[in-house]
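As you go down the protein sequences, you meet chains P and U in turn.
Just add 310 to wherever you are in the first sequence, counting from 1, and you've got the numbering used here.
Just add 310 to wherever you are in the second sequence, counting from 1, and you've got the numbering used here.
Among these hints, one or two may not hold up.
Pairs of lysine-lysine residues, derived as BS3-like cross-links and limited to a Cα-Cα distance of at most 30 angstroms, are as follows [stated by the list, open to error]:
hint, chain 1, residue 1, chain 2, residue 2
1, P, 321, U, 512
2, U, 404, U, 388
3, P, 512, U, 321
4, P, 329, U, 388
5, U, 388, U, 321
If you want the ones that stay clear, here's a sample from chain P, every Cβ over 12 angstroms from chain U, calculated [as the list claims (entries may be wrong)]:
hint, residue
6, 358
7, 396
8, 421
9, 441
10, 455
11, 458
12, 464
13, 473
14, 474
15, 508
Listed next, the stretches of chain P that the computed footprint assigns to chain U, with coverage defined by at least 3 CB atoms under 8 angstroms from CB atoms of chain U [unchecked claim]:
hint, stretch
16, 334-343
17, 412-418
18, 489-501
19, 514-522
Derived from the structure by calculation, the hints contain no laboratory data.
Model, not experiment: these values are computed from the prediction.
A virtual CB, placed ideally from N, CA and C, is assigned to each residue, including glycine.
Protein chains: 2
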Amino acid sequence: MHQVMPIDMEKDLLDANRKLAAENHDLLGRSGVRSFDLMGSIGSGKTLLIQRLCESMGKKGVRCGAVLGDVMGDDDYKRISALGIPAVNLNTGKECHLDAHLTEHALEGIDLGSLDVLFIENVGNLVCPADFPLGTDSRIVVISVTEGDDMVRKHPLIFKEADIIVINKSDLASIMEVDVNILVSDARTVKPSAEVVITNAKTGEGVQDLIRALGI
Amino acid sequence: MHQVMPIDMEKDLLDANRKLAAENHDLLGRSGVRSFDLMGSIGSGKTLLIQRLCESMGKKGVRCGAVLGDVMGDDDYKRISALGIPAVNLNTGKECHLDAHLTEHALEGIDLGSLDVLFIENVGNLVCPADFPLGTDSRIVVISVTEGDDMVRKHPLIFKEADIIVINKSDLASIMEVDVNILVSDARTVKPSAEVVITNAKTGEGVQDLIRALGI
């Protein structure tokens, strides 16, 4: 459920979220965990990217965990935990985004002391998560070339929130007749300070570039 | 902006939306216009489907128009109006879904007397539009096989709202390693009364089936 609300109430809710996000950030920092919030539309490839990142970093001894957010179900959680990656499933029930309060509860369900890096996969949605930072060190927006080359300029708000912008499924650009250069150029226009990384999570292409962008 | 709100306020807002939706429905009915709300994620192919439907029905003398909803920009509006299809651009600014009130204003901007059919393209989002009927005769959910075969069961609420479920970009199923049968079966489980139509808007495949499902 999501609707316009009186401006005062909206401000109160965003302020409350920011306060909780700061608490989450402190907890993660004290625990020595680097944390990343992955936002992006349905099917952009967030879960597979988390898998590839955890696999690759795991080989170098970096201990990764994940919180898998979704409206309903545990498909993503099952995929990730089946690989032996510490994971928590987080259902919003009806809400279209995670928030700092839900994240706080998820953090209670994972042994932060055993992790170096935590990925939080937000609900598949390119609008709503923008307003609700979770308290991670950085926010990542993942888009897929299958979404069309107009999609960055259609959703500038979420890209302005991003520290890293990932353009995934690069192998499908030609079959989709999508020009990746337009996506890259729009991303750089909307958020000049963000790092833009092109990946193909299926083959693992670009995953090392993304790890560098994460600063790990 | 979208956040949990007190239950009373949520109920009031949904009731107010339903009342306005009923007024829109009356107006469209009195004007002799059949109306359809197209919901679905970003890049599912809603705009191209509207184009194909209007082109095909136009050849048979059915006069179609469209309202193109988006958070920002007028990419979709330009695409449709360039084809000579009467169209209205509808930006929500920040909201993740259309509502009956926004629709009411859009209807003021289009000559209903000159139309037989009106398509309303909702904001690209598979969560939020579910709660906000606009007053159309039917609601359509469009998904693309590129979103993965788990996406119906991840978002049952919006499919429960659908009278027609369209599975688009069928040509990409094999390259995406997505089993269309799983999408069809999940759709039939979630909403047994909905018609399920498989399309490839790019080539026009399945568009005649969809026109039949619309009852036109």
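Next item on the list: Decide, holds or violated, for the assertion that all CB atoms of chain U are farther than 12 angstroms from the CB of residue 396 (chain P).
Entry: holds (22 angstroms)
Note to self: Three residues or more, CB to CB closer than 8 angstroms: is that satisfied between the stretch 514-522 of chain P and chain U?
What the structure shows: This one is violated; 0 residues, fewer than the three required, reach chain U with a Cβ under 8 angstroms.
Note to self: Need the status of pair residue 321 (chain P), residue 512 (chain U): alpha-carbon distance at most 30 angstroms?
What the structure shows: Status violated; Cα separation ~44 angstroms.
Next item on the list: Examine each Cβ of chain U, and state whether all of them lie more than 12 angstroms from the Cβ of residue 464 (chain P).
Entry: violated (5 angstroms)
Checklist line | Beyond 12 angstroms from each Cβ of chain U, as asserted for residue 474 (chain P) | finding: At about 19 angstroms from chain U, residue 474 (chain P) clears the 12 angstroms cut-off, so the statement holds.
Notebook entry, point to check: Was residue 358 (chain P) rightly flagged as not at the interface, with every chain U Cβ beyond 12 angstroms?
Noted result: Per Cβ check, residue 358 (chain P) is inside 12 angstroms of chain U; nearest 10 angstroms; violated.
Note to self: Just to make sure I understand the rule, a stretch counts as covered if three or more of its residues have a C-beta closer than 8 angstroms to a C-beta of the chain. Does the stretch 334-343 of chain P meet that for chain U?
What the structure shows: violated (count 0)
Note to self: Between the alpha carbons of residue 404 (chain U) and residue 388 (chain U), is the straight-line distance 30 angstroms or under?
What the structure shows: holds (20 angstroms)
Check: Has the given pair, residue 388 (chain U) with residue 321 (chain U), been kept, meaning a C-alpha gap of at most 30 angstroms?
Finding: Violated. Residue 388 (chain U) to residue 321 (chain U) sits at ~36 angstroms, over the 30 angstroms cutoff.
Item checked: Least C-beta distance between residue 421 (chain P) and chain U, which was stated to exceed 12 angstroms -> holds (27 angstroms)
Margin query: Using C-beta distances, would you say chain U covers the stretch 489-501 of chain P, given that this needs three or more residues below 8 angstroms?
Written below: violated (count 0)
Check: Is the nearest Cβ of chain U still more than 12 angstroms from the Cβ of residue 458 (chain P)?
Finding: With a cut-off of 12 angstroms, residue 458 (chain P) comes too close to chain U, as the shortest Cβ separation is near 5 angstroms.
In terms of the numbered hints stated before, the structure departs from hints 1, 3, 4, 5, 6, 9, 10, 11, 12, 16, 17, 18, 19, listed from lowest to highest.
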